[in-house]
Amino acid sequence: MISTPSLLNQMALTSLDPRINRLQLPDYDPNTPPKPALDQFETFEVFHQKKEKAPFTYVGPVHAPNEEVAFLFAKEQYSRRSTCTGIWVARTRHILVSLYTDELTPVYEVLEKPRQPGQGPEEAFEIFELKKRGKAHTHAGTVRAASPEEALWRAKEAFAKPACVNIWVVRAQDLLRTGEEDKDLWRSTAEKKYREAADYRVMDKINTFKAGTQS
Amino acid sequence: MYGGGNIFEAPRPDELAAEDPVRLAEFEARIERGEKIEPNDWMPALYRRQLIRMIEQHAHSEIIGALPEGTWITRAPGFRRKLAQMAKVQDEVGHGQLLYSAAETLGKTREQMLTDLITGKSKYSNVFNYPAPTWADSNIISWLIDAGAIVNQLANAKGSYGPYCRALERICVEESFHLKYGHDAVVHLATGSPRQRQMVQEALNRWWPPIMMFFGPPDKLSVHTEILMKWKVKMATNDDMRQQFLDMYVPKIWELGLTLPDPNLRKNDDGVWEYTEPDWAEFKRVINGDGPCNAERLAVRQAAEEQGAWVREALQSRSQGTYVKPLA
Chain A
486 MISTPSLLNQ
496 MALTSLDPRI
506 NRLQLPDYDP
516 NTPPKPALDQ
526 FETFEVFHQK
536 KEKAPFTYVG
546 PVHAPNEEVA
556 FLFAKEQYSR
566 RSTCTGIWVA
576 RTRHILVSLY
586 TDELTPVYEV
596 LEKPRQPGQG
606 PEEAFEIFEL
616 KKRGKAHTHA
626 GTVRAASPEE
636 ALWRAKEAFA
646 KPACVNIWVV
656 RAQDLLRTGE
666 EDKDLWRSTA
676 EKKYREAADY
686 RVMDKINTFK
696 AGTQS
Chain B
86 MYGGGNIFEA
96 PRPDELAAED
106 PVRLAEFEAR
116 IERGEKIEPN
126 DWMPALYRRQ
136 LIRMIEQHAH
146 SEIIGALPEG
156 TWITRAPGFR
166 RKLAQMAKVQ
176 DEVGHGQLLY
186 SAAETLGKTR
196 EQMLTDLITG
206 KSKYSNVFNY
216 PAPTWADSNI
226 ISWLIDAGAI
236 VNQLANAKGS
246 YGPYCRALER
256 ICVEESFHLK
266 YGHDAVVHLA
276 TGSPRQRQMV
286 QEALNRWWPP
296 IMMFFGPPDK
306 LSVHTEILMK
316 WKVKMATNDD
326 MRQQFLDMYV
336 PKIWELGLTL
346 PDPNLRKNDD
356 GVWEYTEPDW
366 AEFKRVINGD
376 GPCNAERLAV
386 RQAAEEQGAW
396 VREALQSRSQ
406 GTYVKPLA
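The listed protein sequences derive, respectively, from chains A and B.
Numbers in the numbering used here are just positions in the first sequence, counted from 1, shifted up by 485.
Numbers in the numbering used here are just positions in the second sequence, counted from 1, shifted up by 85.
Honestly, the hints are just simulated from the structure, not real lab data.
You may find that some hints are simply not true.
[Stated by the list, open to error] Some, not all, of what chain A presents toward chain B, calculated at C-beta under 10 Å:
#, residue
1, Asp514
2, Arg566
3, Thr568
4, Lys695
5, Gly697
Built from N, CA and C at the ideal position, the CB exists for glycine as well.
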């Protein structure tokens, strides 16, 4: 029999949770070694479409080992509540971020034209604008350019109004997108009323209780 | 859930004097105008440090706070309540993910935060160092601890740091389900059989002192609040939030015929609630590791880290890229 004295010599903790007791965990050891630096995954940024024809809007990042897993995490994290008709995912390092300005200075007004035109053939870039600090970036549209920097300048020509304070540029090819065939992913949630606030109506019970105690 | 009663660090002497006065003035003017600070903006070191501390504590509270309620998933009465309890616990862990990401934008990696949690260097909300011995305890947490958290989070959602505000906006939407679910569960017990009423009353008696501690020490014992409120890191004082909570929830508790274990609890004519101060020495003792569940909570996190390491390593071996700080 193989024994593990280092574990056996430690007292297992006793919990009110039977699942924890079944695990027979060793006692807490505060001298645990630190996690290795950056052993976590790459980061991806997630955009979410709340309903058909609504613009895709930034909802937050996920950590994942590749973009397929990033998509799965994104679906769980950002679309398990309320409605969703689509998700886009991009690697954080694939997003060009303009400088941040403020409401007094629209970012398009301070953009500088790239000194050199982009090299190579033109391709599609997706443009996301932040209208106001503290809000979320929203998809403004697509431009064609030969580099992300050039795409930023083309966005100025295409979308300069209304004003915004920051712009993200992503090569269209670098976005993993759900398609028409993926929409059934979100069709299963309609009957899950137990996780919606509207499904809990307590006033009837309270009023019945009060009427009973007063009579 | 679960942010509340954050413990802030004392500013270092002359720390602000070392900052660039022009940039500091621009930073403060931006906040004064009601604009948010975004990750790439210049910010004083103290602002960055206190925000990391606050958001990290909040994130830890979400994942540790899932443990006492997770305890009751398998024993929740009925399939529907099991599903709802599971959905709630899933939300809490999801909130942890949102908040860790917001803290990462300030420059602290997730690994550092998890290491600091497991080694006890970083704190989490003190209420989760108390046990949930019955189903009614879990319901009291779902209703009243979440209610306290919503008071705190709605205030902080109006704060100055963009990524934290965005995360809180999302969290608060999901919290509305938790609050209703918890209230419904407590009402079910309170309007049920004498045994059910007794169970929920006893749970309320157990949880009332930790609930009163949830918002942190009284203002007269809290230091460093002024600069944090000026920078909109902290949006309301501990006492203000406690008063708001009492005003909103004590009447709802009393209308169920339940009592609270504080003979001095009453609302004065001026609208201010009087109450007996909880045992702040106990608060300090528990937050420093000597609570009934501190060791268990951290042992479970420690085991999860250790037992999940091989999964992370296996996935990482197929990873195509390296970590980059999230954008917003």
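Hint check:
Given hint, Asp514 (chain A) at the interface with chain B, holds; its Cβ is 7 Å from that chain's nearest Cβ, closer than 10 Å. For Arg566 (chain A), the interface hint holds, the least distance from its beta-carbon to any beta-carbon of chain B being 6 Å, beneath 10 Å. For the restraint placing Thr568 (chain A) at the interface with chain B, the shortest Cβ-Cβ distance is roughly 13 Å, beyond the 10 Å limit, so the hint is violated. Restraint check, Lys695 (chain A) versus chain B: the minimum CB separation of about 7 Å is within 10 Å; hint holds.
Interface restraint check for Gly697 (chain A): the shortest CB-CB distance to chain B comes to about 8 Å, inside 10 Å, so the restraint holds.
Of the hints listed earlier, the one the structure fails to meet is number 3.
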